[in-house]
Amino acid sequence: MVINVKNLVKRYGDLIALDHFNLEVQEGEILGLLGPNGSGKTTAINCILSLLKYDKGTIEIFDQPMSPDAYDIKRDVGIVMQNVAVFEELTVYENIDYFCGLYIADRQTRKKRVAEAIDFVGLNDFIKFFPKKLSGGLLRRLNIACGIAHQPKLIILDEPTVAVDPQSRNNILEGIQKLNRQGATIIYTSHYMEEVEQIASRIAIMDKGKIIAMGTNEELKKKIKSGEHINLELLNPEDLDLEAIKALPHIISAELTDHQLVVKSGRDKNNLIAILDHLKDQNIAIGKIYSEPPTLNDVFLEITGKELRD
Amino acid sequence: MQVYKAFFRIIQKNRSQIAIYLVVFMVLALLLTNAYTPPQDTDFTKTRFNIAFINEDGDSELVDGLKTYLGENANLVDLPDDPQQLQDALFFRQVVYILRVPKGFTAAMLNGQEVQLEKTIVPDSPSNIYMDLLINKYLNSAQTYFAYLPGLSQDQLVDYLKVDLAEETAVTVISGSSHSANAEKSGYYFNYISYSLFAILILGVCSVMLVFNDTDLKRRNLCSPIRSATMNFQMILGNLSFAVLTWLVLISASFVMYGSYMFTTNGLLLLLNSFIFTLAALSISYLIGNLVKSRGAMSAVANVFALGTSFLSGVFVPQELLGANVLTIASFTPTYWYVKANNEIANAVSFNAGNLQSIFTSMVLVLAFGVAVLGVTLVLIKQRRVEA
Ligand SMILES: Nc1ncnc2c1ncn2[C@@H]1O[C@H](COP(=O)(O)OP(=O)(O)OP(=O)(O)O)[C@@H](O)[C@H]1O
Ligand SMILES: [Mg+2]
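So the protein lines, in turn, are chains A and B. No gaps in the numbering here: position 270 of the first sequence is 280 in our numbering, and each next residue is one more. No gaps in the numbering here: position 283 of the second sequence is 287 in our numbering, and each next residue is one more.
No lab work stands behind these hints: they were computed from the structure. Positions of the beta carbon are idealized from the N, C-alpha and C atoms, including for glycine. Among the clues, some could well be false.
Derived pair list, reagent style DSS-like, types lysine-lysine, alpha-carbon separation capped at 27 Å [unchecked claim]:
id: 1; chain 1: B; residue 1: 107; chain 2: A; residue 2: 142
id: 2; chain 1: A; residue 1: 138; chain 2: B; residue 2: 386
id: 3; chain 1: A; residue 1: 66; chain 2: B; residue 2: 222
id: 4; chain 1: B; residue 1: 107; chain 2: A; residue 2: 121
id: 5; chain 1: A; residue 1: 16; chain 2: A; residue 2: 121
id: 6; chain 1: B; residue 1: 107; chain 2: B; residue 2: 166
id: 7; chain 1: A; residue 1: 63; chain 2: B; residue 2: 222
id: 8; chain 1: B; residue 1: 297; chain 2: A; residue 2: 63
id: 9; chain 1: B; residue 1: 222; chain 2: A; residue 2: 138
id: 10; chain 1: A; residue 1: 220; chain 2: A; residue 2: 63
id: 11; chain 1: B; residue 1: 222; chain 2: A; residue 2: 143
id: 12; chain 1: B; residue 1: 297; chain 2: A; residue 2: 163
id: 13; chain 1: B; residue 1: 107; chain 2: A; residue 2: 66
id: 14; chain 1: B; residue 1: 9; chain 2: A; residue 2: 122
id: 15; chain 1: B; residue 1: 297; chain 2: B; residue 2: 386
id: 16; chain 1: B; residue 1: 297; chain 2: A; residue 2: 142
id: 17; chain 1: A; residue 1: 121; chain 2: B; residue 2: 297
id: 18; chain 1: B; residue 1: 17; chain 2: A; residue 2: 142
id: 19; chain 1: B; residue 1: 166; chain 2: A; residue 2: 143
id: 20; chain 1: B; residue 1: 222; chain 2: A; residue 2: 122
id: 21; chain 1: A; residue 1: 163; chain 2: A; residue 2: 121
Stretch-level coverage of chain A by chain B, calculated; a stretch enters the list once three of its residues show a Cβ under 8 Å from a Cβ in chain B [said to hold, decoys possible]:
id: 22; segment: 89–103
id: 23; segment: 109–123
Not everything, but these chain B residues come out facing chain A in the computed CB check (under 10 Å) [what the hints assert, rightly or not]:
id: 24; residue: 6
id: 25; residue: 14
id: 26; residue: 107
id: 27; residue: 108
id: 28; residue: 218
id: 29; residue: 220
id: 30; residue: 221
id: 31; residue: 222
id: 32; residue: 232
id: 33; residue: 390
Let the sequences and hints guide you as you build the complete structure.
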């Protein structure tokens, strides 16, 4: 097992940031750690890396107990922190070379790895820039390059794509999948469910310092009651009897905002015909209609009773 | 050596700021040093005062001997024994010291009686002490001979005195020339260096430590497989290189100003002392660098610490003029011992076991101070590896 965390408890004064947190990561997977702001993702990672003292629990990486002096473990771990951690005084190239050099002493190998990392994040045009001169997204990409240049066996990325534009974000996500195909095990934390859905082979959903659900994308969605979302554009919504819609069988919820009616129905039940009939009876004209499969937000909502995003 | 390399990149990035400080401090030290002119009366070889010698005791070999002796060390100006003219001569500084040998002086001396010479002087002139010293030396020697060799004739006595005092004078002359302006000024310059060194080291070391101790970068470094001992080693090596460079720049000025004096024992000891002080100042800077959290705090600490210890320890005001309480407090700073040793080195005419022991004791104390502070810092660093 690449990571095995058992019953991790971390308190900040009265606040319990991690409450018997358990996590197992197998070799070769991309584990998506999804949770709202403040759910304890960063705290969990800092504990796993022995950067933080914790109150209880055991942490093993590569089947070895993790500690501040476990240098052999650290050699094979790559880390991309949530807060960008680079030297303002060093150029893009020097920064990547510095961090890579902490792991790889051999100059030739290092040169190659640094060049590959620069390619990987697409910073070729900026190698002589100082971090201050980089845009927010480019800075994030530098942060990633510094974390992965030494080609570690385990890569931990803590919300690496904040402020990165969608185009580069996609490049990065694809890059991470490529690293994974080359053999790296990956932990990817985010509060963007789309990202996690896109790349994670397994997803752990966190809330209040605990993992509340874990499984593949499909497994998680099968666990919940709600199925697809039906979106209907109503041309005369003022005539709608919302309660009547909610009273239809297998309807979990119905919400009207402006001209948009969103109806969530139970899993594997298709109620579209029944709803359309009902609206016709009420003499409501309908514009566009589309339906969406359930999202991780629904999973989160159903387990915690609140939205994943604020 | 990634950390060492990064250390110097950061210093390099801050080089203009450090260079400005370096230049300002050096100019300041040079100005302060050269504004200081050593008092004239310490320079025996150059100064010959004009004095008047008035003898009311008639011809005696003892008085003649005194007159000759004084004539060797001062210019005898012939003046008529007229109160008005003597007053004018003093007023216009034609002479600065008028010595009057009263009637019966020789007889009284020969009888072993207490005798008084009369003097008229320009108040507050540095010549007064010097002349008094010469006269007392002559008379004391004479009285010593009378006391221990009662049968001695005046003739023989004056001969003996001549030889004795000539020898003593010779010694005085030697000490006068080696105890030159260079000794005084270099002592001052090296005292001022302590301020510059402290300020520059605190600023330089803190600029780097602020970067490495930034929470995010520190965590990132802690994630890497670099051993804490290796990290500390490279960091200390970086600090040491920076400190030695700073020291070299600061002492280079002393070679320009004092030339070959810097290669005398005094000069070499001053260099050694300043190097040891550099190590202690570095060690303290490293501790401060691991404590301060912002650039604002860094500047404040640099100023308060460098200026404060310098004032307390007698860099700007001589230690002799500071109160006992101040000196007691100061003795807990390495600057105090550094300045003390500097003064002793600069004032030493020759080195013997006595003054060398005192000088080296100060140096050892400064070094011990540095080692102790470094120990504390390393413990602090170790404790902070994992956050609570
Ligand atoms: N140093 C600290 N002192 C006190 N409380 C802290 C500290 N660091 C984090 N916390 C608290 O611990 C909880 C978990 O924080 P953490 O940063 O792990 O969340 P997160 O899941 O990473 O959130 P985000 O998505 O915003 O990064 C939060 O309630 C936070 O306020
Ligand atoms: Mg976080």
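Checked hints:
As the CA atoms of residue 107 of chain B and residue 142 of chain A are separated by approximately 93 Å, the hinted pair breaks the 27 Å bound. A hinted pair counts as satisfied when its Cα atoms are at most 27 Å apart, and residue 138 of chain A with residue 386 of chain B does not qualify at roughly 35 Å. Proposed proximity of residue 66 of chain A and residue 222 of chain B is supported: the alpha carbons are some 24 Å apart, at most 27 Å. Between residue 107 of chain B and residue 121 of chain A the alpha-carbon distance is near 100 Å, which puts this suggested pair outside the 27 Å criterion.
For the hint linking residue 16 of chain A to residue 121 of chain A, the alpha-carbon distance of about 39 Å lies beyond 27 Å, and the restraint is violated. Our distance criterion of 27 Å between C-alpha atoms is met by residue 107 of chain B and residue 166 of chain B, whose separation comes to about 23 Å. About 15 Å separates the Cα atoms of residue 63 of chain A and residue 222 of chain B, which keeps this hinted pair within 27 Å; it holds. In summary, the hint linking residue 297 of chain B to residue 63 of chain A is supported, as the alpha carbons are separated by about 22 Å, within the 27 Å threshold.
Simply put, residue 222 of chain B and residue 138 of chain A have alpha-carbon atoms about 24 Å apart, close enough for the 27 Å limit, and the pair holds. For the proposed pair residue 220 of chain A and residue 63 of chain A, the alpha carbon gap of about 18 Å is at most 27 Å, so the pair holds. The straight-line distance between the Cα atoms of residue 222 of chain B and residue 143 of chain A is roughly 22 Å, inside the 27 Å bound, and the hint therefore holds. Using a Cα cut-off of 27 Å, the hinted pair residue 297 of chain B and residue 163 of chain A is violated, with the two alpha carbons roughly 35 Å apart.
The suggested pairing of residue 107 of chain B with residue 66 of chain A is violated, with an alpha-carbon distance near 104 Å, which exceeds 27 Å. Pair hint residue 9 of chain B plus residue 122 of chain A holds up; C-alpha atoms about 20 Å apart against a cutoff of 27 Å. This hinted pair checks out: residue 297 of chain B and residue 386 of chain B have alpha carbons roughly 18 Å apart, not beyond 27 Å. A C-alpha spacing of about 21 Å is found between residue 297 of chain B and residue 142 of chain A, which places the hinted pair at or below 27 Å, so the restraint holds.
In summary, the hint linking residue 121 of chain A to residue 297 of chain B is not supported, as the alpha carbons are separated by about 34 Å, beyond the 27 Å threshold. For the hint pairing residue 17 of chain B with residue 142 of chain A, the CA-to-CA distance comes to about 13 Å; that is within 27 Å, so the pair holds. Between the alpha carbons of residue 166 of chain B and residue 143 of chain A the distance comes to roughly 84 Å, so the proposed pair goes past 27 Å and is violated. Under the criterion of a C-alpha separation no larger than 27 Å, the hint pairing residue 222 of chain B with residue 122 of chain A is consistent with the structure, at around 26 Å.
Restraint check for residue 163 of chain A and residue 121 of chain A: the C-alpha separation of about 19 Å stays at or below 27 Å, so the hint holds. Coverage of the segment 89–103 of chain A by chain B holds. Counting CB-CB distances below 8 Å, 10 residues qualify, and the rule asks for three or more. Chain B is given as covering the segment 109–123 of chain A, and this holds because 4 residues of the stretch bring a CB closer than 8 Å to a CB of that chain, at least three being needed. Given hint, residue 6 of chain B at the interface with chain A, holds; its Cβ is 4 Å from that chain's nearest Cβ, closer than 10 Å.
Taken as an interface hint, residue 14 of chain B checks out: its beta carbon lies about 5 Å from the nearest beta carbon of chain A, inside 10 Å. For residue 107 of chain B, the shortest C-beta to C-beta distance to chain A is roughly 87 Å, which exceeds 10 Å, and the interface hint is violated. The closest approach between the C-beta of residue 108 of chain B and any C-beta of chain A is roughly 87 Å, which is over the 10 Å cut-off, so the hint fails. For residue 218 of chain B, the suggested interface contact is upheld, since its CB lies about 8 Å from the closest CB of chain A, less than 10 Å.
Because the smallest distance between the Cβ of residue 220 of chain B and any Cβ of chain A comes to about 4 Å, under 10 Å, the interface hint for this residue holds. A distance limit of 10 Å between C-beta atoms decides the matter here; for residue 221 of chain B the minimum to chain A is near 5 Å, and the interface restraint holds. The beta carbon of residue 222 of chain B comes within 9 Å of a beta carbon in chain A, closer than 10 Å, and the hint placing it at the interface holds. Hint status for residue 232 of chain B: holds, given a least beta-carbon distance of 8 Å to chain A, under 10 Å.
Interface hint status for residue 390 of chain B: upheld, as the beta-carbon distance to the closest one in chain A is roughly 5 Å, under 10 Å.
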